[in-house]
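Those letters in the sequence shown? Residues 0 to 232, per numbering that gives the first Met the number 0, in order.
One thing to keep in mind: the hints can contain errors.
Said to hold, decoys possible - For lysine-lysine, the following DSS-like pairs were computed, each having C-alpha atoms within a straight-line distance of at most 30 Å: (1) LYS67 / LYS104; (2) LYS104 / LYS83; (3) LYS35 / LYS83; (4) LYS38 / LYS104; (5) LYS67 / LYS140; (6) LYS38 / LYS97; (7) LYS66 / LYS38; (8) LYS83 / LYS66; (9) LYS140 / LYS66; (10) LYS140 / LYS38; (11) LYS38 / LYS83; (12) LYS12 / LYS104; (13) LYS124 / LYS83; (14) LYS67 / LYS38; (15) LYS104 / LYS66; (16) LYS35 / LYS4; (17) LYS83 / LYS97; (18) LYS140 / LYS35; (19) LYS12 / LYS195; (20) LYS124 / LYS38; (21) LYS83 / LYS67; (22) LYS140 / LYS104; (23) LYS83 / LYS140; (24) LYS12 / LYS83; (25) LYS97 / LYS12; (26) LYS97 / LYS124; (27) LYS195 / LYS140; (28) LYS124 / LYS35; (29) LYS97 / LYS35; (30) LYS35 / LYS67; (31) LYS124 / LYS140; (32) LYS195 / LYS4.
Source of the hints: derived by calculation from the structure; they are not laboratory data.
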Amino acid sequence: MVLGKWQHACDTKTSEDTLTNPSAVPFSDDVDFALKGAKDLLLRILESPAQADPSVVPAITWLQQQKKSLNALVPHSGSLTAYKQAQIANWFESNITKDHTIRHKWIGSLANVHAQTLYIASILKSRDDLHGSSEANLLQKAWNEQVNNAAPHWDHIDVDAECLCRLEEEMFEVSLRAGISGHYQWGLDAGDHQGKWDPYCRLPEQWNHGDRDGNDAELVVSLLHKFWLQFTI
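Construct the entire structure; sequences and hints are all you get.
Listed below in structure tokens is the structure:
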């Protein structure tokens with residue numbers, strides 16, 4: 000029997016990871032449909048935000064009311080999921096900036112946030128109560144949704160991953176509390192993991208408390224495993 004291999008919960012991607020690497024999340028057709036007609040506008044906002052019209056870009060009025068620079072971060076994405084935000088950012092990078100090396104300059108910027116406003120407006124357009132609304136009215140309602148209907152904090156938390164991460168910390172913690180069981184015991188009873196994978200590789204540094212020094216005498220292969228090795232060599 001060979002022990003398996005898995006991805007540690009602490010190595011799974013979080014919503015923050017998704018947002019900081021939008022190129023890993025291809026944009027969908029509905030995102031392209033909502034934004035493709037605004038390429039020139041979004042480029043102008045990116046290059047010259049001071050020249051943008053507040054009646055067309057509602058986030059400008061919010062920045063002015065907050066007495067913030069037009070180059071400041073805008074922390075409003077409404078109820079858009081992290082995945083949908085990443086799709087919009089991917090579209091923005093693919094069609095507007097076309098350069099992943101300057102990503103840090105525009106994520107959360109006025110231009111990127113307005114792209115989110117445009118996407119939300121495209122969704123609102125299909126509502127019966129907004130049928131026939133002007134573009135300006137739709138954009139303002141979309142911005143209001145963006146500011147006032149933020150997704151709940153727990154919506155971005157993977158509870159299963161959080162629980163698995165805590166379990167793995169208990170399993171792999173190297174500390175005085177863990178004693179001998181925390182001194183790299185995995186595999187000593189049943190042999191190497193699949194593909195000689197090391198389960199201690201890439202674990203968070205803080206899981207090693209540094210308050211206990213083990214010794215070679217604790218790294219003893221079990222007699223049962225030695226017995227089985229006779230038939231596998």
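Within a Cα-Cα threshold of 30 Å, do LYS83 and LYS66 meet the stated pairing?
holds, 29 Å
Tell me if the straight-line CA distance from LYS38 to LYS104 falls inside 30 Å.
holds, 18 Å
Within 30 Å, alpha carbon to alpha carbon, are LYS83 and LYS67?
The given pair, whose Cα atoms are some 26 Å apart, holds under the 30 Å limit.
For the pair supplied as a hint, LYS124 and LYS38, confirm whether the alpha-carbon distance does not exceed 30 Å.
holds, 19 Å
Given the hinted pair LYS140 and LYS66, is their Cα-Cα distance within 30 Å?
holds, 22 Å
Decide if the proposed pair is consistent with the structure: LYS104 and LYS83, CA atoms, cutoff 30 Å inclusive.
Given pair LYS104, LYS83 holds - Cα atoms ~20 Å apart, limit 30 Å.
Can the restraint linking LYS38 and LYS97 be considered satisfied, given a maximum Cα separation of 30 Å?
Given pair LYS38, LYS97 holds - Cα atoms ~12 Å apart, limit 30 Å.
Please work out if LYS12 and LYS195 have their alpha carbons no farther apart than 30 Å.
Judged against 30 Å, a Cα distance of about 24 Å means the pair holds.
So if I understand the rule, the pair passes when the alpha-carbon distance is 30 Å or less; does LYS140 with LYS38 pass?
holds, 21 Å
LYS97 and LYS124: Cα distance at most 30 Å?
With Cα atoms ~29 Å apart, LYS97 and LYS124 stay inside 30 Å; holds.
Hinted pair, alpha-carbon criterion (30 Å max): LYS38, LYS83. Please report holds or violated.
The given pair, whose Cα atoms are some 19 Å apart, holds under the 30 Å limit.
CA of LYS35 to CA of LYS83, is that 30 Å or under?
The given pair, whose Cα atoms are some 16 Å apart, holds under the 30 Å limit.
Of the numbered hints given earlier, the model fails hints 16 and 27; all others are met.
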